[in-house]
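*Asks:* So the chains spell out like this:
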Amino acid sequence: MQFADIYSHMTERSLQEPTLLLLTALADAPRHGYALIQEIAAISGGRVTMRTGTLYGALDRLLKQGLIRVESEEIVDGRARRTYALADAGRELLASEAERLRAVAAEAQRRLKVRTVAKGAFA
Amino acid sequence: MTEPSTAGTTTSATGSGGGLALRFALALHPAAHRREWGDEIAGVFADATAGAGRLATARELADLAGHGLRVRTGLASSGIPARLAAVVAPFAVGAAAGVPLFELFVAARALVHGNTGVLSPTLEGWLWLAGDVLALLAVVTALFGRWPAAKGLVLLAALTVTSSQVMAGVAHTGPHNPLVRVLLGIFLYPGLQLLWTAMALTAPRDLLGPATLRRAAAVLAGVLLGGVVFTSALFSYPFRLPVDSSLLVLLFAGVEGPLLVVALPALLRGWLFPAAAALAGLPAALMLSLPVLRSTTGSSGTAALILLGGLVLVIGVARLWHPDVPDRRRPPSAG
Numbered sequence: 064m065q066f067a068d069i070y071s072h073m074t075e076r077s078l079q080e081p082t083l084l085l086l087t088a089l090a091d092a093p094r095h096g097y098a099l100i101q102e103i104a105a106i107s108g109g110r111v112t113m114r115t116g117t118l119y120g121a122l123d124r125l126l127k128q129g130l131i132r133v134e135s136e137e138i139v140d141g142r143a144r145r146t147y148a149l150a151d152a153g154r155e156l157l158a159s160e161a162e163r164l165r166a167v168a169a170e171a172q173r174r175l176k177v178r179t180v181a182k183g184a185f186a
Numbered sequence: 134m135t136e137p138s139t140a141g142t143t144t145s146a147t148g149s150g151g152g153l154a155l156r157f158a159l160a161l162h163p164a165a166h167r168r169e170w171g172d173e174i175a176g177v178f179a180d181a182t183a184g185a186g187r188l189a190t191a192r193e194l195a196d197l198a199g200h201g202l203r204v205r206t207g208l209a210s211s212g213i214p215a216r217l218a219a220v221v222a223p224f225a226v227g228a229a230a231g232v233p234l235f236e237l238f239v240a241a242r243a244l245v246h247g248n249t250g251v252l253s254p255t256l257e258g259w260l261w262l263a264g265d266v267l268a269l270l271a272v273v274t275a276l277f278g279r280w281p282a283a284k285g286l287v288l289l290a291a292l293t294v295t296s297s298q299v300m301a302g303v304a305h306t307g308p309h310n311p312l313v314r315v316l317l318g319i320f321l322y323p324g325l326q327l328l329w330t331a332m333a334l335t336a337p338r339d340l341l342g343p344a345t346l347r348r349a350a351a352v353l354a355g356v357l358l359g360g361v362v363f364t365s366a367l368f369s370y371p372f373r374l375p376v377d378s379s380l381l382v383l384l385f386a387g388v389e390g391p392l393l394v395v396a397l398p399a400l401l402r403g404w405l406f407p408a409a410a411a412l413a414g415l416p417a418a419l420m421l422s423l424p425v426l427r428s429t430t431g432s433s434g435t436a437a438l439i440l441l442g443g444l445v446l447v448i449g450v451a452r453l454w455h456p457d458v459p460d461r462r463r464p465p466s467a468g
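Residue numbers (my numbering), protein chains in the order written: chain A, 64 to 186; chain B, 134 to 468.
Only chain A is shown next, with the shape it has when bound in the complex (with noise of 0.2 Å):
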């Protein structure tokens, strides 16, 4: 990774969340194109489309940054495909970003409980 790609990352302050969907989709194994759609969409509750220019443009940028990787090119019914895979970088950066939610989520929840505790006090 180049250093304005890790500065970019280093001064951003959360993923995008199509970043976010993108690399969460190929944590757990590679996958082509289209599979990358059907799981975006799953992992959002079908809250999220990503259509295919916009996948190939994010692809083409994860590519470059190098948080991403092609693992395997196949012809499949005469045509091409690629299948992507996480890279090293990626991975770090989606750990680092999971553990950045994990955190802020868990101190929402505390601050719920919190608020539920004071109000019973006063009730």
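Among the clues, some could well be false.
[What the hints assert, rightly or not] Interface residues of chain B toward chain A, partial, derived using beta-carbon atoms under 7 Å:
1. H200
2. P337
3. L346
Hints were generated in silico from the structure; no laboratory data involved. Where a beta carbon is used, it is the ideal one built from N, C-alpha and C, also for glycine.
With the hints as your guide, set chain B onto chain A.
*Replies:* Same frame as chain A, but now just chain B:
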């Protein structure tokens, strides 16, 4: 969840009814990019649109065509221009919508005071109203983080308002109101809206995140700046503003000037925000400079300068039309 690596059945993309449209969308990609990705993209497109309705297929095609144009013009999401555009986009949507929204506000205010003359029962009058409503919807969708809808609506609003202005302007040409002056007036008003709309459209979807307080604030700041301050200053609507247009030009130059100076060094250090702020203010800077230009060079001179600027822009884009797309395919032996 899908099975890794094997999900999806590839169907014939070119054999479907959208085959011609798909070929056109792929033709918008640079040849090198098409050679590298074309087959794969066509396969995924075929899977994604299998059994889909016309609207869903049209959306896929528009997205694919947009991706091709982005790669061609160097605005793919891997580049700095696209990242800049993504930072600017929420503000740009608000600013583009703010221009006609302000007019809607003025019309509503006139109606409240019993002036029904603002409701012109002509085609251009209805187009103008439709543009204002579309702009309002664009702001609402942007506040909810629905970026594809917001960008589509803001584009429709800009085109509708521009059509309305062109129709109204051409109808009023005459010996004392030559076409060049009318066209300049048209450029002055929807030009601001069109420039911000273009900025919003260049932001790729995968770099635009969900609705956040910061993005909502940027949208509203855009509405405020694009709508109230600049249209008021430029077109002297009946509002008392704390500044007049000449003071506004000075104030704006005081902010935009330093931003433009620091934009490039900041970009080289990887800081996007100063350049994004400078970019966001650029349409306003151009529009604010037009009245000054018109007073010094006259309508024809200003029109010539605008044409020259447009020509330089077109040449610049044309030079990017054949970008070098490196082949990133791995050799078969690589693990």
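*Asks:* Hint by hint, say whether it matches the structure.
*Replies:* Results of checking the hints against the structure:
no.	hint	in the structure
1	H200	holds (3 Å)
2	P337	holds (5 Å)
3	L346	violated (12 Å)
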